[in-house]
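*Asks:* Just need the whole structure built from these sequences, with the hints factored in.
Line by line, the protein sequences are chains A and B. To convert, note that position 115 of the first sequence is 115 in our numbering; the numbers rise steadily by one, no gaps. To convert, note that position 557 of the second sequence is 1557 in our numbering; the numbers rise steadily by one, no gaps.
Since the hints were made in silico from the structure, they are not lab data. Only true hints are included.
Only pairs whose alpha carbons sit at most 30 Å apart, straight line, appear in this in silico DSS-like list of lysine-lysine:
1) K70/A with K1646/B
2) K189/A with K1882/B
3) K100/A with K1811/B
4) K121/A with K1766/B
5) K100/A with K1616/B
6) K194/A with K1882/B
7) K1662/B with K121/A
8) K1626/B with K100/A
9) K1662/B with K144/A
10) K70/A with K100/A
11) K1646/B with K144/A
12) K100/A with K1646/B
13) K1626/B with K70/A
14) K1662/B with K100/A
15) K1117/B with K1408/B
16) K1662/B with K70/A
Predicted, not measured: the structure shown is a model, and the values here were computed from it.
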Amino acid sequence: MMLSLLTVVVGAAAHVYAAQFNIYHRVVQSTSSSVPFVQRGTLNLVGSNANLESVSTLSEDLAQLTQNLKSEDVGGALYQVALQHPQDFSGTEWAVSSVKLCHLSSSTAQTLHLYLSEEEKPYAINYFLSPVDHSGSCPRQVSKPEADRISQLNTTILLRRPSSPPSPELRTPPPLTPEGQVVQPVPEKSFFQKYWYYIAIFFVAIMLTSPPPEEGQQGGDRKQA
Amino acid sequence: MRLLPFLLLFYTLGCWALHESDVGVVDWHKELIGVPSFASQSTAPRFTSVDGRNLILTATGNNVLAAIEEKDGSIAWRYIFDAEDRIIGFYQNGDENAVVVTLSGPGGATVRSIDVKTGEVVLEHHLHSNSEGLLVEPHQLGKDVAFDKSAQDIYSISNGHTVTRLSATTGEPVWSWASQDQTSLTVFDRLVSTPETVYAIGVSTSFASLTLHVASLSASTGQLIQSSEIHSSIHDPSTDLFTFTSAASPAVVWLEQGLVKYLPLTPDLKKKKPNTLSGEQFTSIIDVGLSSHGVLVGLNKLGSTVLKVDDDGSNLKAARALGGQDATDSFAGHAVNGSPHLARTYWSTKLEQITLELGGTDSLETTTQLPLSTEKHGKIAHFTVGVSPSGETTVFTTTTTGSIQLYKGSELQWVREEALATTTHVEFIELPERVATEGDLQRDESFAHRIGRQIVQAQDFPRYLVNFGKRFVTGSYASATSSAAASSTDGPLSRDTFGFRQIIVSATTSGVVFGIDSSNGNVIWKRSLEAVESAGVAITPIKMWTLKTVSDGVEPEIVIVAQRRTENDDSTVVYHINALNGDDLSREAPSPGVLESVSVFQGLALEAFLLDHHGKFVVLLDEAMKVHLYPNNQASRTIFSTILDKLSFPLRSRFSRQQNIKGYQISSSSDGPAQATAYPTWTLPLPQGEEIQTVLPPASRGPIASLGKVLGNRTTLYKYLNPRLFTALTVNPHRNLCGVYLVDSAKGTVVYHAEIPANHGTCDVKAALVENWLVYHYYESEFVETGNVKGTKGYRLVTVELFEGNGVDEKIQSSDMSAFVNATADLSAYEESFVFPHALSALAPTTTKFGITAKDLIVATKNGKIQSFPRRLLNPRRPHRKPTSEEAEEGLFQYDPVVYDDPKRVISHNYQVSNVQKIVTAPALLESTSLVFAFGLDMFLTRVAPSNTFDVLTILITRPMVQSKRLRERWYL
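*Replies:* Structure (structure tokens):
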């Protein structure tokens, strides 16, 4: 068994779930009848960590799968990857994802999207190869993929979980008294209540700093008296 | 410049409301009741009279009880039952009683008494809860209502085993009796009452067939007097068992192996051996509404015969023969001054008209011809006859095309097209421009011809002169708020200035297709599908598309894909129709009558879709996944062969353990497109226990005006515009969850998956996807706490916008990106949730010609209103705090968790638009304006301008500002 590159993903799971799942693959043509799947590897899922262990005969298997394929048919052929259903061995209920076989020849990486249920069990997969042209068209020179290429791909596994829409952010309700009445806010003080001491200080200061009566004026008053 | 967003906000949120002067001008509303249900006498139409008003009462297939005015066909009132409260029957204690009693719900759960004059519910009593109702088929089995003639009290059978007497004044039960055998072995189905005794009549399951079972109860106490099994063999109690409800001689009649059996009922049920009508055998017996007079009609191969009880009530005898028996014959009964009269309608091959024969039980009295256009309306499916004391006959007919009509004597009084209430698919069809008169100009026109032509043209000159003068003096040109209805002098069907006048083609489950004028709701043309002509054939439209528009230089064409079901086989058929006049385009020389179908293949279609690629044609897939094209000509085959490898579509399928969605592609074949088949490329199984409720097809992709959203800080969020996205709505009863999926149909990539709580294991999620905007509505049945704030139960509206990449300025060109590129899953979803004030029955975003105008969300609430919500209000990027200047510049305003129930957003005025099933929006020629059409039971159409009518003179100029201000103030008084 050969260990492909492991990549991780999403945050920590609430509990660690560990299980193994079989991944299968095959090459199909639109015109051919149903071709049986061949095991491609084992998917190990431990909590939020996942890795794909490919079977040791992966390259030989791919060569076998493409053996009867003519070069001119490579453009229309699909490379399918399937996740085995735990209770189904016939393949009818397996999750299947397809890529174009022609992309396998020029790809350097593969990405596996693993859709997890609430119990952290994978129920569906989606498989991508990269790089792939923006239009998804096959290269001009289409040929059968080299058997070794598939085992040299960098692997990324992404775990996908359903989300929940955010709840409406309701306003905080007003605080209640033990009797269930809304706590009445303390009435706001008036301007004078708030600042009366500043005002008082201001007046006192004015009084204290006011200039003493002039001497000449006092003398004049006396004269009049 | 900084004030611009606030100004925009003011105009968008503050000013929009429907002005009273626009009501009936920019919108129309058609109240409908549905096609009468006439399979049972308890739901069939009948005449009644209250306070001198003659009404027709009927229950309909749309679960409505309605009273129609006999004089003009208007709806006097209608009572709309809830979907889970299916009407079983309506009953009247005499033709002129002021109340009508209804029985409805599972097992006959609810009894209501409704005022015939006003339609108001006088009393209501629940005999049992809906969950306790036994579901049986036919659903009317085991439920009946009878009356106490003196006290007017109501007797009812519910669930096939419980008889209850309800007080006519309080609605409370006086007594209730339940049979000891409450299993399914004995089902009481009919009630007959006399002043002293109530008879519950039903059937018991025996070894070989069903046996008659009668129980007699004391009318005053409800105590069982006697219960008796009558030796008999009844095949189907719903068609073979009848009761005579005459108080003097109650009796039970049934058909047993072709023989008519008659058993008078006495409280002690001593007589157990029925009398047999000797001499004739019958294939069926029908109740024509004269059972209280002891009259039925027997049918056999030789014809039809009146069966009448003796004067002393001891026996049943055959009275006069009504005539030959034909599939198109129909019978009705009516009592004239207490004397039973029978009527029969048939197609007279000699006169080529429908003929009505009316007479007593012993002789034929009158013969009348009904001028029914069978080409347009089909044949008579059911009729009710009334005879006035002066001898004038009134005939109320329901035709095979769902049209209801009233004849006085032989004159047609009015017609209502109730098949419109069964509309399932609609298409808006743009009309051609008015043909210029110069179009008649011919190069080699002679002088005399030219003079003649110009004289003909000159007759329009006065009208032109008047209009010119009016425009010159008043400056009144066509306005976006003026009526689009054509005037009588406008000539052939043509569009108005702004394209508000279009044809709405409506396909119904009643086997009829209508062309409706969108400016006023009038039916322009109506065509019957072949199903209405052939007994035992049912046609169900499954898809409808516009195949050609006026832009193609021809008259617009539509194509309808339908399932044709007969007793022996199913097939998929296509109807190809001229949308302007309903002409059949599938044949060189079409027949003038019903539309003839084109059979595409035997069996049902798994999928059908329209391909629009250098010409439009329909692709259908049969059960063997073989591809069929329509029209199947060289051009469509050539185009199809060039693009078939790019086609993909999803289908739902179910295996033993779990459901899944499969994606298919179409394989090319060396034998040509005729041999092309589809093969699965991806499978998306759902989590254990999850079931698919609906797969909504990819939204029809209108023009997209902008690929991104420029933010206040001059960065851009690029819209995720994957054209292959479809929506799947699921339910997981075990986990009490609903699922909302957005999936790429070519690869099976799930780009959005949300789980929301179900409501006791059921999901009623309404969703719409347009461009990068997904909006869905559901009922939150759980408290979800956020921080210190407790959650609340109620309706939620979730709005999601998908953008490319993980942030601003990340561009992947998703609109033309292949599904096989890893980056298709590289997107970010902005979502927000709001508390919504109403339950919804449908929602849809507006559509405009170029997609520049903002998209409003149009919703149909379950309380009969159509409302419009601005998209700005539902922007998921609204900040949860005071917006910054950059956000304000962008037009964002602070998040509010509640979408307020603003009456100004109601665009349906004060109409009660009931039971809307779907909303369809269509562009007009004006970019600013979208047509909104809601249908279900009622039909409603209006225009909305989400960004105001920026492309014409605004209403603010044409309407005094002071008047608008006062109106705005009055909304909030």
